[in-house]
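Chemist: One line per chain: the protein sequences are A, B, C, D and E, in this order. Counting along the first sequence from 1, when you hit position 185 you're at 185 in this note's numbering, and nothing is skipped either side. Counting along the second sequence from 1, when you hit position 124 you're at 124 in this note's numbering, and nothing is skipped either side. Counting along the third sequence from 1, when you hit position 273 you're at 273 in this note's numbering, and nothing is skipped either side. Counting along the fourth sequence from 1, when you hit position 205 you're at 205 in this note's numbering, and nothing is skipped either side. Counting along the fifth sequence from 1, when you hit position 233 you're at 233 in this note's numbering, and nothing is skipped either side.
Among the hints, a few may not be true.
A pair counts as met if it fits within one copy or between any two copies, since identical chains are not told apart.
Distance condition first, Cα-Cα at most 30 angstroms in a straight line; then the derived DSS-like pairs of lysine-lysine [unchecked claim]: (1) Lys357 <-> Lys201; (2) Lys201 <-> Lys45; (3) Lys101 <-> Lys11; (4) Lys173 <-> Lys11; (5) Lys45 <-> Lys78; (6) Lys197 <-> Lys25; (7) Lys201 <-> Lys29; (8) Lys11 <-> Lys168; (9) Lys59 <-> Lys173; (10) Lys11 <-> Lys29; (11) Lys357 <-> Lys101; (12) Lys168 <-> Lys78; (13) Lys132 <-> Lys357; (14) Lys175 <-> Lys11; (15) Lys26 <-> Lys11; (16) Lys201 <-> Lys31; (17) Lys11 <-> Lys201; (18) Lys31 <-> Lys332; (19) Lys358 <-> Lys201; (20) Lys11 <-> Lys132; (21) Lys296 <-> Lys78; (22) Lys132 <-> Lys197; (23) Lys31 <-> Lys132; (24) Lys25 <-> Lys168; (25) Lys168 <-> Lys31; (26) Lys197 <-> Lys45; (27) Lys197 <-> Lys11.
These are computed hints drawn from the structure, not numbers from a lab.
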Amino acid sequence: MNRLIKKRSEKAGLPPGTLVHIGEKKTEKAKITIIDYDETQFEEKEAKTIEECFPFKDKPTTTWINIEGVHELAIIEKIGEHFGLHPLLLEDVANTEQRPKMEDYGEYIFIVLKMLFYPPDPADDEKANEVKAEQVSLILGSNFVISFQEGIKGDVFDPVRERIRNGKGRTRKMKSDYLAYALVDAIVDSYFLILEKLGEKIEDTEEELVTNPASETLRGIHHLKREMIFLRKSVWPLREVLSCLERGESSLIHATTRIYLRDVYDHTIQIIDTIETFRDMLSGMLDIYLSSISNKMNQIMKVLTIIATIFIPLTFIVGIYGMNFEYMPELKWRWGYFAVLGIMAIIGVWMLIYFRKKRWL
Amino acid sequence: MNRLIKKRSEKAGLPPGTLVHIGEKKTEKAKITIIDYDETQFEEKEAKTIEECFPFKDKPTTTWINIEGVHELAIIEKIGEHFGLHPLLLEDVANTEQRPKMEDYGEYIFIVLKMLFYPPDPADDEKANEVKAEQVSLILGSNFVISFQEGIKGDVFDPVRERIRNGKGRTRKMKSDYLAYALVDAIVDSYFLILEKLGEKIEDTEEELVTNPASETLRGIHHLKREMIFLRKSVWPLREVLSCLERGESSLIHATTRIYLRDVYDHTIQIIDTIETFRDMLSGMLDIYLSSISNKMNQIMKVLTIIATIFIPLTFIVGIYGMNFEYMPELKWRWGYFAVLGIMAIIGVWMLIYFRKKRWL
Amino acid sequence: MNRLIKKRSEKAGLPPGTLVHIGEKKTEKAKITIIDYDETQFEEKEAKTIEECFPFKDKPTTTWINIEGVHELAIIEKIGEHFGLHPLLLEDVANTEQRPKMEDYGEYIFIVLKMLFYPPDPADDEKANEVKAEQVSLILGSNFVISFQEGIKGDVFDPVRERIRNGKGRTRKMKSDYLAYALVDAIVDSYFLILEKLGEKIEDTEEELVTNPASETLRGIHHLKREMIFLRKSVWPLREVLSCLERGESSLIHATTRIYLRDVYDHTIQIIDTIETFRDMLSGMLDIYLSSISNKMNQIMKVLTIIATIFIPLTFIVGIYGMNFEYMPELKWRWGYFAVLGIMAIIGVWMLIYFRKKRWL
Amino acid sequence: MNRLIKKRSEKAGLPPGTLVHIGEKKTEKAKITIIDYDETQFEEKEAKTIEECFPFKDKPTTTWINIEGVHELAIIEKIGEHFGLHPLLLEDVANTEQRPKMEDYGEYIFIVLKMLFYPPDPADDEKANEVKAEQVSLILGSNFVISFQEGIKGDVFDPVRERIRNGKGRTRKMKSDYLAYALVDAIVDSYFLILEKLGEKIEDTEEELVTNPASETLRGIHHLKREMIFLRKSVWPLREVLSCLERGESSLIHATTRIYLRDVYDHTIQIIDTIETFRDMLSGMLDIYLSSISNKMNQIMKVLTIIATIFIPLTFIVGIYGMNFEYMPELKWRWGYFAVLGIMAIIGVWMLIYFRKKRWL
Amino acid sequence: MNRLIKKRSEKAGLPPGTLVHIGEKKTEKAKITIIDYDETQFEEKEAKTIEECFPFKDKPTTTWINIEGVHELAIIEKIGEHFGLHPLLLEDVANTEQRPKMEDYGEYIFIVLKMLFYPPDPADDEKANEVKAEQVSLILGSNFVISFQEGIKGDVFDPVRERIRNGKGRTRKMKSDYLAYALVDAIVDSYFLILEKLGEKIEDTEEELVTNPASETLRGIHHLKREMIFLRKSVWPLREVLSCLERGESSLIHATTRIYLRDVYDHTIQIIDTIETFRDMLSGMLDIYLSSISNKMNQIMKVLTIIATIFIPLTFIVGIYGMNFEYMPELKWRWGYFAVLGIMAIIGVWMLIYFRKKRWL
């Protein structure tokens, strides 16, 4: 639940553009790393103060400034000032409650995305079952990309870093727009991992549904449904973000990069498709569950009815001969007892045959 | 229920533009406050008669006239006359049944919004649980903003007032369009508080659903669903209102303000998103509730069936030996009684084992 | 049911433009009234023959010809001929099965609307509960408005007539397009009355649902649902009709009138909104009803199970001591009877405690 | 079922434009009729060979060639060749699995429609209950209309033929486009008959649902639902077909005819509206049916519970006094028997009162 | 399940354009066949190495290179290099997880489709019941078509090959765009076969539902529903693909071919229509199934209630006369026993009549 809405009440009433950190603080101290490269040169360093990043603004090379920890508002503020970013943009960076979006500010493009992951810590089962999101904000300028993360350890950008370091592939040859694309692509690619895991869980739950449906199965379906709601919220807006980037008129994005953006767009559509398919499957499973409960009830009722229908009439018969009337001729017959036993056996067998014919047995 | 449709039958048949107050009278006497400012000067006063507002119309400074209490039709009428407002607009101000909308009249823009709040009075539980709405009408002219409220005590505009008084921030430097934006923003921001509270309630209800579902839980879900219908009705049209304001061609709204309007628009989308998510969750919860009822029924039926299936056959057996036939050899056996007891014990135990195997126990 | 589709089979195969009256005949003789006015003069009369209307066609004043009773095809035909109306239009006037629509024929605009009302006769309960519709066709020319009604006594146009007679307000000063607007507005306004009544019924049904749900409640919900289907059918198309009128390019409608049309359009949206809200509420109520049935069943089953579970084992015990074995030591014990009574009491009490713990009591 | 998909597997793999007849053969020999007319002259004849039609191609008069029986591929082929029709068009004529569509080939327009009817033969009840479809293909050229039917006896075109013969009305004065319109109009008009019949059935089923819901009622609802699916499939695409015809840019269709096409378009919308209304009603009826089953179950359970709750405790009491303990003081009391009878009567009556209070009786 | 999402986790993090084969390896060695033709000449051969294909690139004739087996990345790479294909396109060819799409790269068009089939092997029932998909990628250049298949034995292209060989029909006379169309058409045509089979299965399941609904029927419905989800995923995007091809501005596709593409587009719409119809029918069937379970339960409950209601009171009566009171006058009556038997018979018969009247029998 707490994943669906975060406290932002403290913010109500503040003037627009006020920096307030909304969300959990996920790291102690913000970490700033700088990667600067062009086709021929490459530099990578960890900055101690944010001021170390400033000289890169005017260098012709492509610079990627990655900041982990958006709760340090001073950093956001200084960067905003030096790079001339709009106050509303900075506000959005600090507020981890954004939905994915893309805003073209002319000289730079602002992109908000959600990085999704399963918490690695397997200690707490319940928690480990839930997809978590980390907000990533990208600011794409003509010669730089600034990325903000919430500060959770580990990200999906390592392969991109590796490619820049090696100088292989296309990345070093191209500009900042390709770098931004590469980061977006890395995030979208990681969604497939989440979907695979969810797919496996759905498979397991379905298996369980067929073999032994219990009320935990229902809870499992419900849990998966909520994961889907959560995922959907993170992924659906991406569609528009990417279509805006691809078809937008910003001069920051070159034609060659657009083809790559179309590719990520395709992936997003594929992910949305899969999410919708999963949703369809889950509601199908709910139907199955409900009718399996009804079937079980039928089963129980049948047992009860068979037992009651056989023995209640028989008990009535033995009751008759338990009466204490003085004049009951049958009681004196030599074979009366055995005759009654026989009659009851016949009734019982006849009823069993009847139930078998009705397919209750 | 009464929140969903108000009496407006008295209005049927009246010529268009006739001022009729529709809605409850929420204050005794209308209260008029005037705030007048530009970058260098600031004036705030409470007006006793509406005529005190009139001189501000032609001053170059930005004026905010706030009127609480739309049941005093004379005030609305006089303002309309002096500021040259269209009769249909005035009619809409007096009718608190409007849906949020935005109308561009050329020289001024008319915006209708809903201020949402939980009634502060905790005396009456039922009522305190319901979101209430107060209609706010804004008229944005080139150098003034007129706002009408229904007159409920307290509003969400205090932080805006404070910012104007202090002269800090952007507000004093900018024109009436920014003021209008600030008011809209304050209202939209306050929606997040409502959503947080609703989120908590949904969380509580879900908790209840898992631990101890009762028929009050169902009523709770139903109540929350209706709150959602109510909220949706107030918030959905906002989307269009804000997109019209942002993309509209009115010269009253300057380019710099448009970026801020895009920000509120974003917030609105976020709120709508959350409402839809809540709706999805609530219908998921209804499914869970219904199947938990079915599960309970199964449980009850199992108990009944187990008891009946064990004891009905045994009662039949003891019935047999209660018969009064003269010739029943078993009755004379020395150990007959204990043999029957033993046989019945065996049957009982065997049945218990059978039920355990069937996982009914 | 009969309200949802009327016999129009007799029409199949006839050439297009053939006048056939479809619908019930609702008055004996058609009634024609003429109101002719401009800013300075006013004339009102009841015409005996349709020919009396013809001279008004070429007068510069605004003329409103109102005809009640579309089953007199001769009248429709003559009017059509004299005013140069298209045969298909006349066909539509006579066929009361139209959906609301607006057609621009260049020299005149054809508008079809539904007047909704509750039949006033309270004799027959069932019928009085159903919203009825009367088709109103408006033909708006440059200096005339012709309105056709089905001929049911009473309409919602009286306030409009009154305003024209008094010469107060805007109506007399403006042209035929404003008159057409006033008529449409009167009809749309009357929908709010219907919605209020339906709202009250929904409220009542909901009250009933909470206090004492019976199968009549279900029928009530079903009935209201069908009223909604009926209303929706009449109101939805209005949205497009009014948006076409407002945004259309017809020179018959002046700019000043368009603002008024926007106002009716707003009302229509509000009505549609309310209808959708009602529909949402009704399906929520159905859910509640169904689960209240399930709850009741649970209640019944609990009573049965408690009784059976307590007494079936006890009956078994008394059965044991009703057996007639010769050697049953307990039977001879001095306190055997009281011991058995005591044991049974203990079992009974223990079971009651068990059920209380399980919250079945 | 067989109505929803027909064998077309034999066609897979054949080159496009290959003539294959898909569908049942519905007549032995194709029948060709020619009607040729203009304002002054009229000729009607039945052609023995298809070649008799060819001379009409170049006559200035309007010619209507009607061919019943699309399984005679030679005819289709020869017509195609002589009138210069595209092979894909001919393929579509022979394949009765088309959905309604309209294709503008420049020199001619190709329209596919479904003629709907109830099979007249009342022998087989089940069959007579099902709407059947016959595919009609129209080819509209500048001076001819060619219509293909599947060859089922009887069509809805007789009134059109009659109007041409009589020379009354508009048809003879106008061109081939008006003829095509008249044919389409005749088909669409006949849909109203189908809807009327379906409306009656729905009414009957609803009546049944209220008075005596049985499992046949459910089957009836299901059957009607499927009829709706079938109808919808035939009618929905018509909307687009007619809107294309009306708004299309083809010079084959004159402005005067377009007004008539708008009229048919209106009818189609009305039909679609009615179908949707019927669907809504049918799903409402399903809800009613399901909850009436639940209500019945409740009723049954109540009977069982009342009987069991009254008699099980009483049987226990009589069981007590059937025990054979030697020392049971009550057994020796003079009025013991009557006292027990009295106590049991009191218990029984008290329970009846309790059930009445609970409204179970 | 495994058909809905395939492992592509191994790909996350790799640079875009990296060739990775995703999907099962379906053949040992890739097979390359070349068909080269124009109106007058024809050549067909199987290539051993991919290099054999290269000379055809610059020949004016139309060449069709068909490669079965996309796991041999070297082949894809070499072709890409020689024909100047974009790396992202090659990546998509190797990844069999694509959704159908069409991309215009200027000099060539890239089309991805799904070939659907039932696995021919009837050994494993479960598997044979599932539709499988094979991805087909087409690259359409000005004088060549390259098609990639996953390598499953057998495809639906044989009729196209045959037509080219024979030189009959249109294919040899036209360019590569017509060849691409022919391939797409062959695939779409084969969907009808799948739909027919599914239609038969739905028919069978419906039959089963009416005659003898068991829990396997439910599983059958569920299975068919999932087949529909799968099919839908493969077919829906086709709609856009074909509409883009038909209406696109690419100079690679000639006007004459566009008419043919419209035909395939029509088929696709028809297929989508049928899928939606099937979905509607399946959810209707689920409703029927659920209510048939409820009906069965009612039936069972009736039997139980009838038996219990008749015999429980009778057992109570015999219990009374089994009591051991010393003073019970009836016991001594001469005809007491027979009187009691008679009374009980009357009660029993009366109850049977009551149940018959209530239509429970």
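Chemist: Hints first: check each against the structure and report whether it holds.
Modeler: Here is what the structure says about each hint:
1. Proximity of lysine 357 to lysine 201 under the C-alpha cut-off of 30 angstroms is restricted to the inter-copy arrangement: shortest distance 28 angstroms between copies versus 42 angstroms within a copy.
2. Proximity of lysine 201 to lysine 45 under the C-alpha cut-off of 30 angstroms is found in neither arrangement, the shortest distances being 41 angstroms within a copy and 48 angstroms between copies.
3. Both within a single protomer and between protomers do lysine 101 and lysine 11 lie at most 30 angstroms apart by alpha-carbon distance, with minima of 21 angstroms and 26 angstroms respectively.
4. In this homomeric assembly, lysine 173 and lysine 11 come within 30 angstroms of each other (Cα to Cα) only across copies, at 22 angstroms, whereas the closest approach inside a single copy is 43 angstroms.
5. Only within a single protomer do lysine 45 and lysine 78 lie at most 30 angstroms apart by alpha-carbon distance; the minimum there is 19 angstroms, versus 39 angstroms between protomers.
6. In this assembly of identical chains, lysine 197 and lysine 25 lie within 30 angstroms of each other by CA distance both inside one copy and across copies; the values are 27 angstroms within and 22 angstroms between.
7. With identical chains, the CA atoms of lysine 201 and lysine 29 are never at most 30 angstroms apart, being 36 angstroms at best within one copy and 35 angstroms at best between copies.
8. In this assembly of identical chains, lysine 11 and lysine 168 lie within 30 angstroms of each other by CA distance solely across copies; the values are 17 angstroms between and 46 angstroms within a copy.
9. Taking the shortest alpha-carbon separations for lysine 59 and lysine 173, only the intra-copy value of 16 angstroms comes in at or below 30 angstroms, while the best inter-copy value is 35 angstroms.
10. Proximity of lysine 11 and lysine 29 under a CA criterion of 30 angstroms is satisfied intra-copy only: 23 angstroms inside one chain copy versus 33 angstroms between copies.
11. Proximity of lysine 357 to lysine 101 under the C-alpha cut-off of 30 angstroms is found in neither arrangement, the shortest distances being 65 angstroms within a copy and 54 angstroms between copies.
12. Taking CA atoms no more than 30 angstroms apart as the test, lysine 168 paired with lysine 78 passes between copies only; the shortest distance there is 20 angstroms, against 34 angstroms inside one copy.
13. Taking the shortest alpha-carbon separations for lysine 132 and lysine 357, neither the intra-copy value of 56 angstroms nor the inter-copy value of 40 angstroms comes in at or below 30 angstroms.
14. With identical chains, the CA atoms of lysine 175 and lysine 11 are at most 30 angstroms apart between copies only, with a shortest distance of 24 angstroms across copies and 38 angstroms within one.
15. Within a single copy, lysine 26 and lysine 11 get their C-alpha atoms as close as 20 angstroms, and across copies as close as 29 angstroms, so both meet the 30 angstroms cut-off.
16. Proximity of lysine 201 and lysine 31 under a CA criterion of 30 angstroms is satisfied in neither setting, with 35 angstroms inside one chain copy and 38 angstroms between copies.
17. Taking identical chains as interchangeable, the C-alpha atoms of lysine 11 and lysine 201 lie at most 30 angstroms apart only when they sit on different chains, with a minimum of 21 angstroms there against 38 angstroms within one chain.
18. Proximity of lysine 31 to lysine 332 under the C-alpha cut-off of 30 angstroms is found in neither arrangement, the shortest distances being 103 angstroms within a copy and 92 angstroms between copies.
19. Only between protomers do lysine 358 and lysine 201 lie at most 30 angstroms apart by alpha-carbon distance; the minimum there is 27 angstroms, versus 40 angstroms within a single protomer.
20. In this assembly of identical chains, the alpha carbons of lysine 11 and lysine 132 lie at most 30 angstroms apart whether taken from the same copy (23 angstroms) or from different copies (22 angstroms).
21. For the homomeric pair lysine 296 and lysine 78, neither the shortest alpha-carbon distance inside one copy (65 angstroms) nor that between copies (60 angstroms) is at most 30 angstroms.
22. Taking CA atoms no more than 30 angstroms apart as the test, lysine 132 paired with lysine 197 passes in both settings, with 13 angstroms inside one copy and 22 angstroms between copies.
23. For the identical chains of this complex, lysine 31 and lysine 132 are intra-copy neighbours only, at 21 angstroms inside a copy versus 45 angstroms across copies, given an alpha-carbon limit of 30 angstroms.
24. For a Cα distance limit of 30 angstroms, the shortest separation of lysine 25 from lysine 168 across copies, 29 angstroms, qualifies, whereas the shortest one inside one copy, 37 angstroms, does not.
25. Taking the shortest Cα distances, lysine 168 and lysine 31 sit within 30 angstroms of each other inside one copy (27 angstroms), while across copies they are farther apart (32 angstroms).
26. Proximity of lysine 197 to lysine 45 under the C-alpha cut-off of 30 angstroms is found in neither arrangement, the shortest distances being 35 angstroms within a copy and 45 angstroms between copies.
27. Taking identical chains as interchangeable, the C-alpha atoms of lysine 197 and lysine 11 lie at most 30 angstroms apart only when they sit on different chains, with a minimum of 15 angstroms there against 36 angstroms within one chain.
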